[in-house]
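Build the full structure now, drawing on both the sequences and the hints.
Spelled out from the first residue to the last, the chains are:
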Amino acid sequence: MTRFLVRRTIEMAVTLVLASGLLFGILNLAPGGPFDAQVANNRIQDPTYLERLNKLIGLDKPLHERYLNWIKDVLHGDLGQSWTIARGQSVNTIIAARVPNTLMLMTTGLLFSLLIAIVIGTISAVRQYSLLDNVFTAFSFFGISIPAFWFGLIMLKFFGVELKLFPIGGIYSVDKQNDLLDRGWHLILPMIVLSLLQVAQWSRFLRSSLLETLRQDYVRTARAKGQIERLVLFRHAFRNALIPLVTVIALAVPSLFGGAIFTEHIFAWPGMGQLLVSAVGAFDWPVAMGVVIITAALTIFANFLADVAYVYVDPRIRY
Amino acid sequence: MATTVSQPSGLVSLPAPAERVATLPPARGELAIIWDRFRRHHFALIGLGVLFFMLVVSVLAPAIAPYNPNEIDRGITEPAYVSHGFAPPSAQHLLGTDELNRDMFSRVLWAGRISLAVGFLSVFFGALIGIIVGALAGFYGNWLDTLLMRMTDLFLSFPFLPTLILISAMLHQYKFEGDTTVIQVTIIVAVLAVLGWMDTARLVRGQFLSLLNRDFVLAARALGADGRRIMLVHLIPNSLAPIIVAASLNVGGFIIAESAISFLGVGVSPPTASWGSMLASFQAYLRYSAIAVLIPGGAIFLTVMAINFVGDGLRDALDPWLRNR
Chain R
13 MTRFLVRRTI EMAVTLVLAS GLLFGILNLA PGGPFDAQVA NNRIQDPTYL ERLNKLIGLD
73 KPLHERYLNW IKDVLHGDLG QSWTIARGQS VNTIIAARVP NTLMLMTTGL LFSLLIAIVI
133 GTISAVRQYS LLDNVFTAFS FFGISIPAFW FGLIMLKFFG VELKLFPIGG IYSVDKQNDL
193 LDRGWHLILP MIVLSLLQVA QWSRFLRSSL LETLRQDYVR TARAKGQIER LVLFRHAFRN
253 ALIPLVTVIA LAVPSLFGGA IFTEHIFAWP GMGQLLVSAV GAFDWPVAMG VVIITAALTI
313 FANFLADVAY VYVDPRIRY
Chain W
9 MATTVSQPSG LVSLPAPAER VATLPPARGE LAIIWDRFRR HHFALIGLGV LFFMLVVSVL
69 APAIAPYNPN EIDRGITEPA YVSHGFAPPS AQHLLGTDEL NRDMFSRVLW AGRISLAVGF
129 LSVFFGALIG IIVGALAGFY GNWLDTLLMR MTDLFLSFPF LPTLILISAM LHQYKFEGDT
189 TVIQVTIIVA VLAVLGWMDT ARLVRGQFLS LLNRDFVLAA RALGADGRRI MLVHLIPNSL
249 APIIVAASLN VGGFIIAESA ISFLGVGVSP PTASWGSMLA SFQAYLRYSA IAVLIPGGAI
309 FLTVMAINFV GDGLRDALDP WLRNR
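Which chain is which? The protein sequence lines are R and W, in order. Reading the first sequence from the start, the letters are residues 13 to 331 in this note's numbering. Reading the second sequence from the start, the letters are residues 9 to 333 in this note's numbering.
These aren't lab readings, by the way, just hints derived from the structure by calculation. Careful, some of the hints might be misleading.
Said to hold, decoys possible - Below are the DSS-like pairs computed for lysine-lysine, each with C-alpha atoms no more than 30 angstroms apart in a straight line:
{"no.": "1", "chain 1": "R", "residue 1": "188", "chain 2": "R", "residue 2": "176"}
{"no.": "2", "chain 1": "R", "residue 1": "84", "chain 2": "R", "residue 2": "73"}
{"no.": "3", "chain 1": "W", "residue 1": "183", "chain 2": "R", "residue 2": "237"}
{"no.": "4", "chain 1": "R", "residue 1": "84", "chain 2": "R", "residue 2": "67"}
{"no.": "5", "chain 1": "W", "residue 1": "183", "chain 2": "R", "residue 2": "176"}
Stated by the list, open to error - Restraint ranges, calculated between C-beta atoms of paired labels, are given here:
{"no.": "6", "chain 1": "W", "residue 1": "136", "chain 2": "R", "residue 2": "44", "range": "51 to 61 angstroms"}
{"no.": "7", "chain 1": "W", "residue 1": "148", "chain 2": "R", "residue 2": "240", "range": "55 to 65 angstroms"}
{"no.": "8", "chain 1": "R", "residue 1": "119", "chain 2": "W", "residue 2": "149", "range": "51 to 61 angstroms"}
{"no.": "9", "chain 1": "W", "residue 1": "41", "chain 2": "R", "residue 2": "290", "range": "29 to 39 angstroms"}
{"no.": "10", "chain 1": "R", "residue 1": "140", "chain 2": "W", "residue 2": "182", "range": "39 to 49 angstroms"}
{"no.": "11", "chain 1": "W", "residue 1": "182", "chain 2": "R", "residue 2": "67", "range": "24 to 34 angstroms"}
{"no.": "12", "chain 1": "W", "residue 1": "235", "chain 2": "R", "residue 2": "102", "range": "50 to 60 angstroms"}
By construction, the Cβ of each residue, glycine as well, lies at the ideal position given by its N, Cα and C atoms.
Given below as structure tokens:
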């Protein structure tokens with residue numbers, strides 16, 4: 013196990029360095045620089061002045077040197093400085109301000125999806141081929157095929173704009189910054205929108221996993237010894253059916269973040285996803301790169317966590 | 009009873025060889041068998057119908073669309089519609105107009121061309137890259153396998169949507185010579201293909217590894233076939249079924265991905281419409297129109313669902329072992 017952990021840790025580090033190098037290289041092919049707007053509106057007219065500015069933030073150096081400087085700073089926990097959306101401000105500060113909001117949305121979204129998926133999956137498996145099961149099957153096809161941003165717009169249109177049941181964006185009403193109820197009220201629509209895809213996928217997954225365990229010998233044994241059906245289901249079958257779901261959930265974290273980008277964009281939720289969209293729109297590459305690197309690290313770490321969690325929940329597996 | 013005996017008793021009469029052949033069921037091609045299995049999946053059939061309809065309508069868009077999709081109708085005089093657009097459906101405009109009073113129906117038709125083209129082309133090229141990488145890794149093994157699979161892992165470590173948005177935005181900044189729409193579609197297809205080949209590569213490699221020791225491959229080797237021939241004639245055709253299934257299930261995802269980046273403004277740019285960019289421009293006008301939100305998104309939804317059903321049917325038809333799982 014120790015050998016496995018060490019090997020995987022080295023692998024993760026190498027992957028992250030290579031991935032960041034590739035992204036850094038591609039992004040630096042982009043035309044333009046941090047002072048384009050100033051050049052365009054004639055605030056900077058002297059080309060030598062522009063050169064000096066570029067030199068000041070290290071843009072005069074060749075690509076590999078810039079990457080090495082950047083990765084050195086990143087390894088010291090410094091993601092650089094913003095180019096346009098908050099010029100000169102540290103990317104760390106900008107992202108740190110957004111992290112709690114994204115975490116809030118993602119954790120509630122994850123827990124909500126899990127809860128609904130477990131309920132739907134269990135009902136579908138226990139009542140296989142019933143009307144309810146078929147309805148849930150249709151629902152999961154809907155959930156997989158519907159683009160999250162369209163679903164978000166529809167929710168916004170009907171529950172926000174038409175029925176006025178929920179706010180149309182933001183995380184709190186004016187002057188109600190510390191009102192938890194108000195924050196919860198703002199959270200409901202984005203949370204539902206973010207959850208749809210995961211609910212659709214996880215409920216199907218749990219259904220087939222539970223159907224598989226319900227066919228196992230130990231379930232038959234439990235029934236044979238006269239165990240009541242509810243306990244057969246929850247004590248014997250259900251726990252084992254959840255094992256593979258652990259991996260699926262760990263691997264869903266990156267896609268959850270992908271969904272959060274659009275959810276945050278639509279509901280004006282000031283999180284990392286919205287930051288990425290505005291950074292990309294303003295060609296603020298250091299900020300965008302910072303967000304993507306953090307997500308890439310999260311993706312790689314989630315894969316690792318899935319492997320480790322699997323060993324932990326299933327003692328039969330060894331590395 | 010004994011009047012018409014013409015054969016010695018005790019011998020069973022055998023039909024002539026020609027008759028025996030005729031009593032067997034007619035030989036049927038593999039495609040016919042697959043189609044038979046596919047047909048039993050009712051949703052897949054409906055999906056195929058919807059998809060076919062979408063494809064025909066998109067291909068024929070120039071003939072069907074009543075207006076130029078980018079033409080602003082100056083004939084609309086109602087002050088409210090002049091100021092914020094979104095005239096309701098009428099005889100002139102079947103689905104009403106958009107925020108600039110362009111014909112919604114024509115725009116949806118033309119947008120479909122882009123969305124469908126991107127979906128199918130990107131999956132095709134993605135699968136092509138995946139097949140090449142997977143085939144080389146699976147067939148030659150050794151250091152090449154290690155190298156290519158490490159590369160696959162590397163690409164898998166990119167978070168799909170953030171990377172897609174980042175690279176699309178970067179390429180969006182470039183100014184190219186030529187038809188903007190064609191260039192942007194090419195860019196989107198290329199980026200999607202480069203970010204979406206890894207599953208196919210792993211699939212093909214796995215298939216190759218399991219096929220390499222089968223008798224028919226050994227026989228081909230014994231007959232002196234070279235690597236290229238074994239790959240192209242024996243291995244790839246035999247790996248095709250799972251590739252097609254995976255690819256067909258990818259089309260929907262890539263159509264959504266295209267509409268997603270166009271929705272964020274780094275895909276197809278105005279005035280050209282894709283379903284995603286239409287939704288993006290309607291986002292600010294949610295107050296004025298419900299139909300504007302429902303139509304382009306509904307088109308994406310319907311197409312993607314149809315494709316997912318077809319993919320599901322294909323999986324059942326091509327791979328009976330995967331059934332009921």
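Each hint, compared with the structure:
| no. | hint | verdict |
| --- | --- | --- |
| 1 | 188/R to 176/R | holds, 18 angstroms |
| 2 | 84/R to 73/R | holds, 15 angstroms |
| 3 | 183/W to 237/R | violated, 74 angstroms |
| 4 | 84/R to 67/R | holds, 18 angstroms |
| 5 | 183/W to 176/R | violated, 43 angstroms |
| 6 | 136/W to 44/R: 51 to 61 angstroms | violated, 33 angstroms |
| 7 | 148/W to 240/R: 55 to 65 angstroms | holds, 58 angstroms |
| 8 | 119/R to 149/W: 51 to 61 angstroms | violated, 44 angstroms |
| 9 | 41/W to 290/R: 29 to 39 angstroms | violated, 54 angstroms |
| 10 | 140/R to 182/W: 39 to 49 angstroms | violated, 54 angstroms |
| 11 | 182/W to 67/R: 24 to 34 angstroms | holds, 25 angstroms |
| 12 | 235/W to 102/R: 50 to 60 angstroms | holds, 54 angstroms |
Comparing the model with each earlier hint shows violations of hints 3, 5, 6, 8, 9 and 10; every other hint is respected.
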